[in-house]
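Participant: Listed in order, the protein sequences are those of chains D and X.
If you read the first sequence in our numbering, its first letter stands for residue 1, the second for the next number, and so on.
If you read the second sequence in our numbering, its first letter stands for residue 1, the second for the next number, and so on.
Bear in mind the hints are in silico, worked out from the structure with no lab data behind them.
Remember, it's a predicted structure, so these values are computed and weren't measured experimentally.
Please note that the accuracy of each hint is not assured.
To be verified - Simulated restraints, written as ranges between beta carbons of each label pair:
hint: 1; chain 1: D; residue 1: Pro131; chain 2: X; residue 2: Arg129; range: 17 to 23 Å
hint: 2; chain 1: D; residue 1: Pro131; chain 2: X; residue 2: Ala46; range: 48 to 54 Å
hint: 3; chain 1: D; residue 1: Gly41; chain 2: X; residue 2: Gln17; range: 45 to 51 Å
Each residue gets a CB set at the ideal place from its N, CA and C atoms; glycine is no exception.
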Amino acid sequence: MSREPCAVIGVGQTRHASRRKDVSIPGLVREAALRALDDAGLTFADIDAVVLGKAPDTFEGVVMPELFLASALGAAGKPMMRVHTAGSVGGSTAIVAAHLIQAGVHERVLTVAFEKQSESDAMWALSPRIPFQPTLVAGAGGYFAPLVRSYIQRAGAPPHIGVEVAVKDRLHALRNPYAHLHMEGIDRAMVEASPMLWDPIRYLETCPSSDGACAMVLASERAARGAARPAWVRGTAMRSEPTMFAGRDAVNPRAGQDCAQALYREAGIDDPRRQLDTAEIYVPFSWFEPMWLENLGLADEGQGWRMTDEGATALGGRFPVNASGGVLSSNPIGASGMLRFAEAALQVRGMAGEHQVDGARNALGHAYGGGSQFFAMWIVSEERP
Amino acid sequence: MATPDDSEVLKAPYALQYTYTRSTGPVLGHFFAGLMAGRVLGARTATGRVLVPPAEYDPDTGEAVEALIEVGTAGTVTTWTWVDAPAESAPLSRAFGWALIRLDGADTAMLHAVDAGSPERMATGMRVRARFAAEPRGAITDIVCFDPVEAS
Chain D
1 MSREPCAVIG VGQTRHASRR KDVSIPGLVR EAALRALDDA GLTFADIDAV VLGKAPDTFE
61 GVVMPELFLA SALGAAGKPM MRVHTAGSVG GSTAIVAAHL IQAGVHERVL TVAFEKQSES
121 DAMWALSPRI PFQPTLVAGA GGYFAPLVRS YIQRAGAPPH IGVEVAVKDR LHALRNPYAH
181 LHMEGIDRAM VEASPMLWDP IRYLETCPSS DGACAMVLAS ERAARGAARP AWVRGTAMRS
241 EPTMFAGRDA VNPRAGQDCA QALYREAGID DPRRQLDTAE IYVPFSWFEP MWLENLGLAD
301 EGQGWRMTDE GATALGGRFP VNASGGVLSS NPIGASGMLR FAEAALQVRG MAGEHQVDGA
361 RNALGHAYGG GSQFFAMWIV SEERP
Chain X
1 MATPDDSEVL KAPYALQYTY TRSTGPVLGH FFAGLMAGRV LGARTATGRV LVPPAEYDPD
61 TGEAVEALIE VGTAGTVTTW TWVDAPAESA PLSRAFGWAL IRLDGADTAM LHAVDAGSPE
121 RMATGMRVRA RFAAEPRGAI TDIVCFDPVE AS
């Protein structure tokens, strides 16, 4: 199957914060979109189509956000669509946009994802009282805590691993001016002293609730000509599986494993541990770093926690993970996946500033959503496919 | 598979409700603040059009609007319809007209109610003036309705 080459030529994101009261929802997405266009040296007039993503409509109570936001994103007279795959949506939105380029349909596509969590309550929006079903009343943390506990038991991991990830990602965030959390002096004692929210997940091992948006300009080979430092899309993959079925391994889901293997095949990568330089992985609760390292095949099963423990996943380590500070430091849910993809692109473009991974040439962007049931991933490279 | 008859199939109401907030942003925020003060603000675009109610971005070009400017509280009906039996949710409890009203100084029309008493007093091209609420709340309902302005 032949594909047109696709490059990321513009990246933009907002300052992420608990409450961006200074902007409306249109103003928020606009901020990210203009930064991406500016990075690409383009204006809305140069864009062929707009692909928008966000998490469930119940999060802000805006039904059909693509209609609501069309004028803020300069979409008048252009194709515009909305993508939705729960928490992985930021990733799958970027992938849909990339496919429009790879299919040869468009030359330049603007893709945007956002969440304005301050306008709603994402936790309760995830727990509606549906008749004939027990009410979950747990939020994401309550759902994932038993999976984390199961991982710790299976892997025989020491209890401090989650704390280490929480500290490491917040230290990374201090180098990222856009990150929501800038926790000067963060250390293990601070994390350990924070309240146990959903045993074994402490408050500081949890992502924040953020307002924010992310945008990218994707371009065909022709449209990327002349672009300074494009990031080439080497592979994309999406997989899903039901939330619950007999025999499901929710700790190390099959859909995630299959997604990663399909991704590596498409990108021509046969040894991801050697060929990838860094990864932005969707880690909303600290223990998901080792869990996803294993799911992605970047560590052997039961061994992911050792990479964290050895410091391999910290900046300066042999495989830095979430150099941007990750979801643990900024979580505008709908945008969180796209931030992973965009940060991966910034790394291979050498444009990550203070959180640049030295010599990053190939980077993985990863997102997951729902009850670990949706996966979206891409690999970007400084090298054209 | 054996299928139960309809009387055996259970159903239950499912009310989905949450509390949301909205940040109006710099453009609509000023528009609503203006209404509280009995003023109507429109957005002037780069092409010189004045949008009332204002938009943050020019719907034609996608450009940010350039400025908020005050427009008149009187205007002209560009088209209308009549409501004989108002629903409970209607802005007026007696029969009234819905009209698109282009305020003086605006290039676009907005939908609002006209308290004309009878359809015979309604006409495209008629002049109307905003009636403001005694206790404004910073919402479009701070304009209670429009009253016909008789030609003098």
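Participant: So the hint says 48 to 54 Å: do the beta-carbon atoms of Pro131/D and Ala46/X match that?
Facilitator: holds (52 Å)
Participant: Would you say the C-beta atoms of Gly41/D and Gln17/X sit inside 45 to 51 Å of each other?
Facilitator: The hinted range 45 to 51 Å holds for Gly41/D and Gln17/X, with Cβ atoms some 46 Å apart.
Participant: Determine whether the Cβ-Cβ distance between Pro131/D and Arg129/X falls within the hinted range of 17 to 23 Å.
Facilitator: The hint (17 to 23 Å, Cβ to Cβ) is violated, given that Pro131/D and Arg129/X are roughly 51 Å apart.
Going down the numbered hints, you'll see the structure goes against just number 1.
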